[in-house]
Each structure stands twice: as C-alpha cells, then as structure tokens.
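Chain by chain, the residues:
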Amino acid sequence: MTAREHTGSLTHESAELHVTGEAVYIDDIAPPSGLLAGRVHYSPHAHARVLKIDMDEARALPGVHAVICHRDIPGENQMGPVIRDEVCLAAGEVLCVGQAVVLIAAEDDDTAWRAERLLRIEYEPLESILDIESAIRKNVLLGPERTMRRGDPDAALRTAPHVVRGELHTGAQEHWYLESQVCLCIPGEGSAITAFSSTQHPSETQAIIAEVLGVRKNDVVVEVRRLGGGFGGKETQANHVAAWAALLCRASGRPVKIRLSRDDDMIITGKRHRYLVRYEAGFDDAGVLLAVKFELNGDGGMASDLSFAILERAMLHADNAYFVPHMSVAARVWKTNLPSNTAMRGFGAPQAMAAMETILDRIARECGTDAAEIRKRNFYGPERGDVTHYGQTVENNRLHVLYDRLMESSGYSARRKAVDAFNAQNEFVKRGLALTPVKFGISFTTTFLNKAGALVHVYRDGSILVNHGGIEMGQGLHTKIRQIAAGEFGVPPGAVRVNATDTSKVPNTSATAASSGTDLNGMAVRDAITTLKARIASSLAGYFNDGAFPGAPSGGATLPEDIEFGGGVIADRNRPGRTMPFAAAMDLMVLRQVSLSATGFYAVPNIGWDREKGWGRPFNYYAFGMGVTEAEIDVLTGSHSIVRTDVLYDAGDSLNPAIDIGQIEGGYVQGLGWGTTEEILWDGRGNLMTHSPDTYKIPAVRDIPAEFRVELLEGYPNPNAVHGSKAVAEPPFMLALSAWLAIKDAVSAVGGHAFEPDFQIPATNEIIALSAARLRRSTSEAHT
Amino acid sequence: MRNTITFLMDDSPVEVDFSREKSIRPTTTVLNYLRSLPSHRGVKEGCAEGDCGACTVVIAEPSETGGLRYRAVDSCLLFLPMIDGKQLITVENLRSPDGSLHPVQEALIGSHGSQCGFCTPGFVMSMFTLFKGSSDPSTSEIEDCLTGNLCRCTGYRPIVDAARAACARGPLDHFSVMEKAVLAELAASPRGSIEIRTPGQLYFRPDSLDEACNALRKFLDACVIAGGTDAALRVTKRHERLKTVIDLGAIKDLKRVGTDGGGLLVGAGVPLADLGPFLEGKYPALASALSLFASRQIRNLATLGGNVGTASSIGDASPVLIAYGASVILRSVRGSREVPLDGFFTGYRKTLREPDEIILALRIPPPDGAFIRSYKVSKRRDLDIATLSACFRLSTGDGGGVESLTLAYGGMAERTKRADLTERFLIGKQWSRERVEEAAGLLGRDFSPITDVRGSAEFRLLAAKNLLLKFWLDSNV
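From first to last, the protein sequence lines are chains A and B. Per the numbering used here, the first sequence starts with residue 1, numbered consecutively. Per the numbering used here, the second sequence starts with residue 1, numbered consecutively.
Misleading hints may appear alongside valid ones.
Which chain B residues face chain A? A few, computed with CB under 8 Å, are given here [what the hints assert, rightly or not]: (1) Cys116; (2) Phe118; (3) Tyr156; (4) Pro158; (5) Phe219; (6) Leu383; (7) Asp384; (8) Ser448; (9) Thr451; (10) Val453; (11) Leu467.
List of simulated lysine to any residue pairs, SDA-like, C-alpha gap at most 25 Å [said to hold, decoys possible]: (12) Lys22(B) <-> Ala706(A); (13) Lys218(B) <-> Arg35(B); (14) Lys252(B) <-> Gly192(B); (15) Lys237(B) <-> Glu107(A); (16) Lys237(B) <-> Ile121(A); (17) Lys417(A) <-> Ile121(A); (18) Lys22(B) <-> Pro32(A).
The set of hints was computed from the structure by calculation and includes no laboratory data. Where is the CB? At the ideal position from N, CA and C, for every residue including glycine.
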C-alpha cells in the first residue's frame, strides 16, 4: 500500500462526536472543583483618561473571589503578540470601547455580573479617532509606511492611453466563530498553571500567560483539543481571554473560566481590517495593464496586533493574478480608537484583491469588452511576464488551464448572452455574471515561522498517537494528519489517533494560520515517522536475519532498506515470506528495546526575501482557483440572490477531496457574507452597533448559491508540499469576489453598462438599491 | 396550584422543585438548565438570543391527530416552566437504544456536513423534526427548516444534502417505537396552573383565562408572555431578574383558530408555525409575511398576539394585519372589547391595551377580492428584522380607478403606520404607473424615517417609494 491509497474522502475524525454532541469544547469540560466564573469589565469610552479604579465594593460582595486591575498584574502588563504595544489591562488610559479594565472572578456568572455593577471607575473622556479618513487627516499612524515598487509607474501612467482612478472602501468583518472566546485555567503546584484555551496559537498563548504572570514558559501548559471555529479570530486574540483567565486563576488560587458572551466577544475582539484603497491604473486599447499605483490604508485599531503582517500580505497580493509591468504599492496602518483589528481568513489579501478586481472590472466597462476576456489578457504567463512586483516567479502557473476549463464547464459565453438578453427584457430585475481568479501565496511572510514540530508514539498494540503543533478548528487538519500518518506507516487510518495539541508535547510552534496547517505539520509528522521507520526497519531486518524468525530464510540477508510498510504489514520487499503484521512487529520492537517515540521537524526550504527592499521569494508556492458567479438583483429593494456559482480549484493532489471541497464552499460563503450582508457599524462614540447576530448578518442557508458547483483541478500535483497536495483554507474566500462583481454587473446593467456604479464592500441591499437608483436617474438624464 | 414542574427527558419524568434548587430560577432557560447537567452538554450557546440555533432542542407534545408533534425550538429563549408536561429531546437522545446513530446523524457524517462541529447538534435537532415530518421534503422545505441554524464553516450545501438523504430514510425511528409510551407518560403528567415563588420572583402559568385575568389585575406590572421570544432577551441579554411573569402558554382558549363569517379568528397564543394551513390560498400576503418571519424555531414559539402586543415599530405581521383590516380582541376581568388594529398602536411599543387586559384573539376578515401584497426589506432574507416592511391593499373599480387603498408601513415611523397623504392622493385616481410614481413622491411627507443600524433614512424612503411601484407592477402581473 502506498501513501496515495490513504488519500480520499475520509470523514472528519470527529464527525461522529460532532453529530452526537459528544465532542468536548472547552465550555463542555466537566467543571473542576472550585471553578469560578470570570468576567471582563471593559471601557465604555473610545478614548479616555482613567482617573480612578475603586474595586472595594465589588470585592466585598459575597461570592466574589478576585477583583483585579492593572495594579495586580504580577508580571508584565503586555499582550501584544509581535509588537509589544497592547496592555493586558488598561492603566492610565483606555483606547477603545471594549478594552479590558478590571477582571472579576466569582462563584457564578450572576454574582460576577452584580459585582461588576459595584465597580467605581472614573474616566475623563478624550478626543477619539473612529475612521480611517480622520486618522489620515490627523496623520496618526501605527507604524512606518511600507512601499514596494517595480518599474516607473508614474512615467507609465503619464503615457498610458487610458487611465482609471478611484477609491474602494472595504468593510470590517466579524469572524463569527460559533464558539466564542473561552479559556479555562487550572492552577497547579507552585507556579504551574494549565490553560485549556480556544486558541489557534498555543505557543503564543503560553508565552503571554507566562509574561503576565511573571513565570517561565515551562510553568505553563496550554492544551487545545478543538476549536468551534477560528478563521483567524483566535490567532492572537484568544491570548487575551487566556491571559485574563490566568490572572484571575493566580489571584484567586482557584480554577477560573472566562467564556465571553456573544455580545462581549463582538465588542471586545478585533475584526478583519477595514481598508480604504486608492488606485490609479493605466491600460492600452486592448485593456492590458501598463501600470498600477496602489495606496493601501488599513484601519489597525488601537494597537498593532498583526496589522503589519496583514498589510504586507495585502501588498503582496495587490497584483492578484495579473502581470503589471510598472507597479507601486504604498501601504499604511492607521491608528483608531477601536479594538485592535486582527487576522481573518485571507489576511489582507481580500482587501487588496478587491481593488485590483475593481480595476479590471472598470477597464472592461471602459473598453466595452467582457470582463473575463480582459482578465485573461492580463494573467501572468510566459507571454506577458511571470515575475511579480516583488520579484518572485509565478511557477507552476495554473491560471490558464483553470480559465479554459472553467469558461467551458460554466458555459460562460452562452450565459453572458443569456444575461444580456434577460436584462434587455426586465426593467426591475437584473442579472450579472463575473469570473474572478485567485493566486495566493502560501507561506508566512515572516520566514522563520514556516516550521512545525511533531511527536509520534507507537504503542505495543500497534496503535499510533500523533502529536503535532497544529490546531483542529474544523478545517480537517487532524483528519489529513491521520491520513498522512496512516499512509506513511501503511496502516488503516483507524490505527492513528491525533492527540489534543499541547505545548508540553510539541514546543515553540507557529500559529495554525496562513493556510499552512497541513503543509507544515504534515511534513513534521512525516519526518518523525521517517525516523521511527528507520529504527523499526533496522531492528526488524536484524530479526529476520538472526534465525529466530520462522519465515523463509532463503535469499540472503534482509537489509534495512528492503523493509517496506504497507497493507498493515511490514515486510522485506525482496524476500517473500519475511513479513509481519504491523501490530506484532511493534510488540517485537518493544521486546527488542527499540524506541517507538520520535520527534519530527520541518522548515520550509528555499524561501526568503528582503522585506526592506520588498524583493525576493516570500512564498513556497502559489495556490490558484477561479470562480464564475451569476447573481440577480431586485432593483427596487436592493435584495440579491446568487443564481449559480462554478468554482474550479487547484488543490494539487488533494489529500481529501471532501474536506477540500468543504473548505472551498465554506470559504466562498464566508467571502460572500463579507461582500454582501455582513456590515460592521460603529456609532459616533466608538460603540459597536452590530454586536450580535440580531444586527450582524452572516449568510444563512438561503443565501448560498442556488446552484453550487465546486470541482478540483485534477492531474496537477504540487511539487512543493506533502504528498503533492496544496493548501486550501484561505484562497477560496476571495473567489467570492466573483459574486460581489456579479452583483455589480447586475447593478451596472441598470445603466446599460454606460456608467460606473457606486460600489463598495459590503454591497448591502442599501448600497445596491441606492446605486441602482442613481443609475436610473443618470440613464433617464442621458436620454433627455 | 403547583409549585413544581414536570417534563419528560431521557425517557423519564423529571420534576423540578424550584424551592429546593438553589441555582435554578423559574426564568432559568432550558439551555442553561441543560448545560448545568453533566450529561446534556451537546446543546450549545452561540448567541443567547435565538439568532443562531446552536441551542436547538426538540419539544414533543400530543398532536391533534393523536400522535406526537415534534417542534424545534431555541432552548435559549425558553423558560423552564414552558416545557411543563412536554417531552424534551436533546441531541444526546438521538442514538438508538442499541447505540446506533440516528439517520440524520448518519447522513450528516456521510455528506461531510460538520467541520468545527459546534453548530452541528443544533442542525441535527432541526433536521430531526424535518425527518419526523416528511420523507420527501422539497428544497424550500429543507431550507425553511434550517433558516434558524447558522453555520460558519461549511457553506450549508452538505447539510442540505444530508437533510434530503436522511428524510428519504424516514420517518420511522426509535422515537416511533416509543411514541405510545411517551403519549401515556405525558397524559399522566400533573396538570393545572403553576405558581412558582422564589426569592424576588413570581412565575405564574395559569391554565385558564379567568385565572390569567385575575392575576393580571393583581400584578399590573407583570411581564406577560405567550411564546416569550421577546421577553427572554431581557433575561439572557440584559440579565434582568423579572419580578413577576405571567405566562399564557398553557391556556387552551388562546390556542384556538376558528372561522368567523368567512374570516379567521386566531387565538393570540397560537404559534405562528401552526397558522399555515389556515392561511393557505386565502391570506397569501399574511402567509408570505410569516414565511419570512424570523426562523422555524422562533415561529414554533412566537405568536400573533405577542407580535401585536410588543408593538415593535417594525412588527413584521402588523402592516399585513392592518391591510387585512384585522381587529384585536382584548379581555380583562372587566369584560371583553374589540378594537381595530389600525389605531391600536399609539407610539413606540405603546398600544391601546390596558395593563389588566390580555390579548385574546385577532379577527382577520376575508380579503373580499382586494389585491393584497406584503413586502419585507432586510439585509438578509431570513431571520432578519426588517429595515422596513409594508403591506398594501388595493380595490379598483371597473374603469381602473382606485376605490380603496391601504398602504401600511413598518419601520418608517415609531409604530406601524399608514401613508395617509399618499393613500388620499391615489383614491379616485387611475391605477397607473404615472400616478403611482407621482404618489410615491408624497411618501416623504407621510414619513420622516430615521437612520439606524438597519438602514439610512435615505434608503428607507427610497425603498418605501420603490415598494409602491413594485406593488403596482405586481398588480399588473
């Protein structure tokens, strides 16, 4: 049996636990004796001086065990993940509504609530900045501007036959993981503490807990069985709840759990960054890009968090799939008095790609040529050019094969005609069609993070326990790891159990993020297994040779390299009869004093770039995908529906097609939400107005495409990742730009495609209806 | 009068004596109760406001045809006494006694319908009610059953597939085997009114109208609930301790639907989900509005009486009921009275109901040939409070002139309100696009909508005008 036989659509390793309700999330862990409920009291002001924190009355309430503020932090008051600019509890100043000020631990939630009402905190409100434009006006940056440049875009724009200029606003997005942020901390002996945290980055959660408690990292264990969704929202900001729970645990000496209510979670935690993108693009008569200048402005919120890494990924994806000979990107993160914005699926790329796709869409309208054709003319390729604006060559380019096949399978050309005919017939219902590509760089752009560790044990009964640094958050990572491990050992997947992720098993890991979970951890697990197999092969060869083995002795001595794992047995591939079932062999290994435990490690080779110059090879490889969406709008109400979506995605040799298709569909629908109904709004005082699902609308079952056809590109293995596979996770999110632009195409049809519609992300019913109404007016004015 | 409640769970009667349970109050939600037990943590809290469905459980009670009727509900919106005398089914109960999975569970696994798995138990419970109700549901029935469950991982497609596959194997399962025994257990449950007193709280669940009226006279400031979907938020979101609750959910007189001189008399306590068969064909605009009303889980609890009684400025059903010319029947110890719904709302969450009055029923006259259409403008199609809602009613004469017209709007003012000036302008005019577009200009004088989280004033006014044009278009189809 080869590794390939273990690919295939194995069901999620926890599927049965999911459907029976038996899967244990942190809030489901049986309450340890003496458990207290933790509560976070946060700032009601967007910006204020903290004059006084009086906790006496709250502390005196019966049932209250700890009430603490910044003065009570034994370690450092710091929880910024990369740049150390975010305090754990507000000291002299609060910088946003939702910033933690005081923590309370009490017998139950109700007591904690009542204690909170007894806090006496005095503030002196200060002036606040609540949007990017104000921050730009006041020039309040979170850090220095970054730039990238190739060629001379200014000169090229001066001579370009046609130029489009504009700006695009993209909205914030709430992760809306179904399981809100939660952490359970249990005190151990001395300064030891164990945290059960819903985090995508246990090593960092461990580090932040150690820092705020003032202990060493070897005092802190973070364990994560599974997340009820992450999407980037638990990459850094799970640390906050964990640090707060750890502080209360230390202060009270008792186990403490903080589980944020949905409203508190939405108010306290950061979101996908809002962006304001300004662009200027020059093109020729055929709609081919000559030069583009981008200015990216991100709303970082009150602290850095991952804003600069996100900005960097935005800069690296502003080209999306298109070769631009002269291109520059100037990028800034602005400081506002909102919770620090953070990672979310796509990590800056969606915002930048939306701008690039807007340019292509506008060029098509200006040229009067179908937008899919314009896009194709601009794809990276051997004729146009295949080096990006940061110097990396687009190798194994799948854009053209995806385009050709998807145009065919989606029936694009015929449907374009049908859509035009439909629009000619209907005044108040319009249809639109759009194709958009995605080229997404796989690797953390901070190069040293591209690594992973594993610890694999094999037991005497042949069962295998795999530990690795990745987090299972629904994406099927543990299932794929199970398939990889089973494939390497040549045993059925059922023989492999993937353990809860635990910092005491695999240390110093990277976040499960950047779509890299399987690539990195899969290789680390494979490395550990390779070590084990070498030990086993060596010992077993000796066993076959030493005469004690009852099998056929003829044919000379077995060499370790003759040993093969497959079909549940370990055998000498050249000498039939010298074979042993896997479990029996493991029993033998124990008797022969072979260590059946090994660590594994993997660091991605051949990547690296000069961040200052913005030049080099930041990515291990590119993931590609393409989507065609047809949408329908009601011109009068602004409502929309997605008529049909076709996606073709390059997952290399997919490790698990069902899981990959699930990631593609889920990512697309999340992108659809960002592009349409998910609108985050703050009031003039920095209060989040959309702080519950009552007002914040993620897609529901009837919002998905009526026809949803997702296929994987077959026959194109990826040379750069485990078993020929490719990352999925993030890239499909941006395929939903095809839905957003299909809606725009439908709006544009109201004005006969003669005018540029007012458009932004999200295209809510309000945006659609108001934009359509303006086009109706423009059209009637043009006719009179 | 009882001070305990009894319900059926895990095949056994469970009695809750609130005087003994320190951590449980009568306004403890079923969700929080279940999660406090060691063996029922499959039920999840996603939002505590009935907007995500992660806490979906199923309530079974005797149906009119003699079997059991299974309803999916949001357990976060359900106070414990509301399940008195009923069977509570959670995801833990779905495995067969022999340990095998239920067909809906198998189907979800088979279609790769779970990713992070946190929403999954809620989906399983919604799908279970579909499984018990239909072996060949249409896509729209499946979707309708799942509108109250949010999933952030899958994009729903595999879940819809699983629902279809599971139903094809139904509706017989181990619950079918147990049906008679459960019915017998429920029939043997203690009956009669419930009055629970705990420190600082009184929860009264009368089983007769007279008792309810007497209680209301005594406790004029009581929180009166029918389905409780609105009032529950005061507990789950604002952490209020409701002092006095009068729960009308056990009163049979409020649960009747009767015909009335060609029209309908709808008991104020009938769950919206039960109205379908009475509206079909006859009240299409109301049926259409209710199909977009919240979610299945909420329609299984929420009532017309409650929707009218809370007098929200949007009140999805109110514009429709006004267009149908409905009236409200109120009852108190002083007697009964009937007032037209048009005029019943006096301000933001204010009505003509006196503090001692109960909404008994709504009388909905037959449409008598008038053309009636309802509209809802919302960010998301399902389970979303409208930015604005509207229902219009038109009667034209032989020459195409407007004889009578009702233009009722929600979300355009502090209460559901008719567009008086616009209506008056159109009466007697030709029902033509030109006249309608001209009339739409008057809506800006009828209404001064506000800008809020659901939409700007500009959008509200534009949509209000556009809906009138849409109504004209629909009237010509």
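Here is how each hint holds up against the structure:
1. Taking 8 Å as the C-beta contact cut-off toward chain A, the hint placing cysteine 116(B) at the interface holds, the least distance being around 3 Å.
2. Taking 8 Å as the C-beta cut-off, the interface hint given for phenylalanine 118(B) holds, the closest approach to chain A being about 3 Å.
3. Interface restraint check for tyrosine 156(B): the shortest CB-CB distance to chain A comes to about 5 Å, inside 8 Å, so the restraint holds.
4. Interface hint at proline 158(B): satisfied, since its Cβ lies 7 Å from the closest Cβ of chain A, which is below the 8 Å cut-off.
5. The interface hint given for phenylalanine 219(B) is broken, as the beta carbon of that residue sits about 24 Å from the closest beta carbon of chain A, more than 8 Å.
6. Because the smallest distance between the Cβ of leucine 383(B) and any Cβ of chain A comes to about 6 Å, under 8 Å, the interface hint for this residue holds.
7. Taken as an interface hint, aspartate 384(B) checks out: its beta carbon lies about 6 Å from the nearest beta carbon of chain A, inside 8 Å.
8. This hint is violated: serine 448(B) has a C-beta 18 Å from the nearest C-beta of chain A, more than the 8 Å allowed.
9. This hint is violated: threonine 451(B) has a C-beta 10 Å from the nearest C-beta of chain A, more than the 8 Å allowed.
10. Checking valine 453(B) against chain A: minimum C-beta separation of about 4 Å stays under 8 Å; hint holds.
11. Interface hint status for leucine 467(B): upheld, as the beta-carbon distance to the closest one in chain A is roughly 7 Å, under 8 Å.
12. Distance restraint check for lysine 22(B) and alanine 706(A): the Cα-Cα separation of roughly 50 Å exceeds the 25 Å cut-off, and the hinted pair is therefore not satisfied.
13. About 35 Å separates the Cα atoms of lysine 218(B) and arginine 35(B), which puts this hinted pair outside 25 Å; it is violated.
14. About 12 Å separates the Cα atoms of lysine 252(B) and glycine 192(B), which keeps this hinted pair within 25 Å; it holds.
15. Distance restraint check for lysine 237(B) and glutamate 107(A): the Cα-Cα separation of roughly 20 Å lies within the 25 Å cut-off, and the hinted pair is therefore satisfied.
16. Proximity of lysine 237(B) to isoleucine 121(A) is assessed by CA-CA distance (about 23 Å); at most 25 Å being required, the pair is judged to hold.
17. For the hint pairing lysine 417(A) with isoleucine 121(A), the CA-to-CA distance comes to about 65 Å; that exceeds 25 Å, so the pair is violated.
18. For the proposed pair lysine 22(B) and proline 32(A), the alpha carbon gap of about 19 Å is at most 25 Å, so the pair holds.
In the structure shown, a violation is registered for the earlier hints numbered 5, 8, 9, 12, 13, 17, in ascending order.
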